[in-house]
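Take these sequences, add in the hints, and give me the full structure.
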Amino acid sequence: MTELEDFNVQFIADVQGDADALGLVTVEAFFEKVGDLLTESGEVESANRAFYEGLYSRGPAQIDGYGGDPRENEGILSLILCDFTLDKGIRLLHKEHIQRLSQKLFRFLNASLDDRFREMLEETSPGFGVADLIKATWSSVEKVKLIIATNGDYRARTDATSLGVIDERPITLSIWDIKRLRRFMEQGLVRADSVINFKDDFGGGIPILKASGGSNALESYLAVIPGKQLAEIYDKWGPRLLESNVRSFLQARGKVNKGIRDTIRDEPHMFFPYNNGLSATADSLEVDKTSSGYELISVNNLQIVNGGQTTASLFAASKMHKEQIQQVFVQMKLTITPKECAEEVVPRISEYANSQNKVNAADFFANHPFHIRIEELSRRILAPSGTDSYRETKWFYERARGQFADERSRRTQTERKKFDAEYPRGQFFVKTELAKYENTWACLPHIVSLGAQKNFSEFAKAIGKNWGAEGTAFNDIWFKRLIAKAIIFRTTEKLVSNAEWYEGGYRANIVTYSIAKLVNDAKSLGMVIDLDLIWKIQSVPEDLKASILLSGELAQKVITTPPEGIKNYSEWAKKPLCWQRLVESKLPLSNSFKRVIISSELADENVREAKAENALDNSINVEVEVYNLGAKFWESAKNWAKERGMLTPRENSIIEICSAIPRKMPSSKQCEIAFEALKKLQAEGFHV
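Numbering (our numbering), first residue to last: -19 to 668.
Simulated from the structure, these hints should not be mistaken for laboratory data.
Nothing here was measured: the structure is a model prediction, and the numbers come from that model.
Some hints here could point you the wrong way.
[As the list claims (entries may be wrong)] Subject to a maximum C-alpha distance of 30 Å in a straight line, what follows is the list of computed BS3-like cross-link-like pairs (lysine-lysine):
#: 1; residue 1: K374; residue 2: K397
#: 2; residue 1: K299; residue 2: K269
#: 3; residue 1: K460; residue 2: K445
#: 4; residue 1: K216; residue 2: K299
#: 5; residue 1: K474; residue 2: K555
#: 6; residue 1: K622; residue 2: K612
#: 7; residue 1: K460; residue 2: K13
#: 8; residue 1: K68; residue 2: K537
#: 9; residue 1: K574; residue 2: K537
Structure below.
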């Protein structure tokens, strides 16, 4: 069995497992899994399930979902179709098969613009909801993106290929086949064939100058790119040009900049001196030598890590000021980043690049200290065996896409069994899921309903503010309560799917709303859900399950009965007013619910006790570490510090004591001071 076949077998097993656990048909479970990948990769802003299958214009029309309201997605209408089978072998997909699938999506698009077709649909059906959205927003649509997700193998070019136009709007087709899904899930690669050919596809090569120097420097270049060319590239690739870890941040602030727009309109010839330009990275590039110097011909996996606002604004302005855009030129700093160092280097380039749209460390890159802290906690903290298991396990936090697969693949067959027992596949979670859990408990279900990336962006802002100097609030007890939230969230997904009252559709919205309602109602009583209990038993008590079902039924009613004029329930769930309606709706709190909530004061007391225990553990660990480093180490540190006069008299005297171990033993407080002094020395270059 090949590696791709092995991946497909495991992928199918995961989809079937989700389907069984959540009471879904397999294609619906496939859509949810792929939808998460599409949003994380930047292919779509959100993935909303909206299934329809029928006939139109003497042919089959079908859709499985869409990528959100185009008015909120730069005028891009994304339609998604799934092609999933349980075949363990790899299906080879031919061009004719893909054409049939894309025609089904295209027919549904045409049908949605036909009043007679929409009138035939049931108004409460998901198919009507997306068809009505297409018709209502059509005047705002600037581009149509058809996406086919499949576990087959399609070997032709599949990324943003042109399918012509409809009503003067360009249509592109992207295929996410099993190879592409594997690349992204295991390595975090959105696409392996992202080659931007300036010369053949975008009007010609661009002037470039090599700027790096020294054997240790990354290969770097300075280039000048015509504004029209940059706008055309963005038109094809869209937000996926923005480096994935900063995409949501840039988009949150990346509306059309008034200053940029005015410069293009009034002084296009001054754009170059006025604008800070772009900072970009790439995997590789092709350069040609000409009589006038070097030209950039093509680049593989171009990512704009700073200058997203400039790029998006140029694209928008190119539609309004077509003549002026011809006079616009933009400087670009391009760095070639090898994959082995990209995770560390790319965020730093983004952080330090320019101040026009400043991205700082608090804006949540994959290597932000928050992520590193959660990763460390997840590898260290053992979860109790709970009521349904006999052994302790761990919850695996994947800080960067592909970590889990990489950790597992590097082991032998015997070691993999041990790894699987320690980190069960059902106890694996990623940063967008973490954001979903936290914002649900923050009573922001309308934000969660915006989709994984937008919700993640909002969560990032909160963490940026709350992290502080060292992120002390994000400790062991915080992590344990996070896992308790994950357990409740995942249990709620199953409960909603299997509930008698569940009408199908909008499950993701119902889940976050129903939990937030319980959290909110408990808070109004000065109480909180007992997350420490959930952590201890690693499951949800029956008393809480009963309350979740009551809350879920009420949430479904609010979500599926929007105000007059709103016909798409998914879009209604994104509105603050929808959440306000649920807050104001009366949910009788039974005695069973009162048995799983505790006072806020008691919950805070548990935090204080945990912090005290943690401080004691840290104190003991510091003493042990000071002793283990040994007298010779501290003697070297003492001499190094004295030569440079770097420490205070008190610090010097304490390190003097440490250098006499075991004849003299420093106190616990002295050990702490010695360790802080050592950090100071190491920051200045001391090492043994």
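Evaluated hints:
Restraint check for K374 and K397: the C-alpha separation of about 14 Å stays at or below 30 Å, so the hint holds. A threshold of 30 Å between alpha carbons decides the hint, and for K299 with K269 the separation of about 33 Å lies outside it, so the pair is violated. This hinted pair checks out: K460 and K445 have alpha carbons roughly 22 Å apart, not beyond 30 Å. Distance check on the hinted pair: K216 and K299 sit about 14 Å apart at the alpha-carbon level, within 30 Å; holds.
Only pairs whose Cα atoms come within 30 Å are accepted, and K474 paired with K555 is accepted, the gap being roughly 25 Å. Note on K622 and K612: the hinted pairing holds, with a Cα-Cα distance of about 15 Å set against a maximum of 30 Å. With a C-alpha separation of about 25 Å, the suggested pair K460 and K13 falls inside the 30 Å cut-off, and the hint holds. Under the criterion of a C-alpha separation no larger than 30 Å, the hint pairing K68 with K537 is inconsistent with the structure, at around 40 Å.
Distance restraint check for K574 and K537: the Cα-Cα separation of roughly 24 Å lies within the 30 Å cut-off, and the hinted pair is therefore satisfied.
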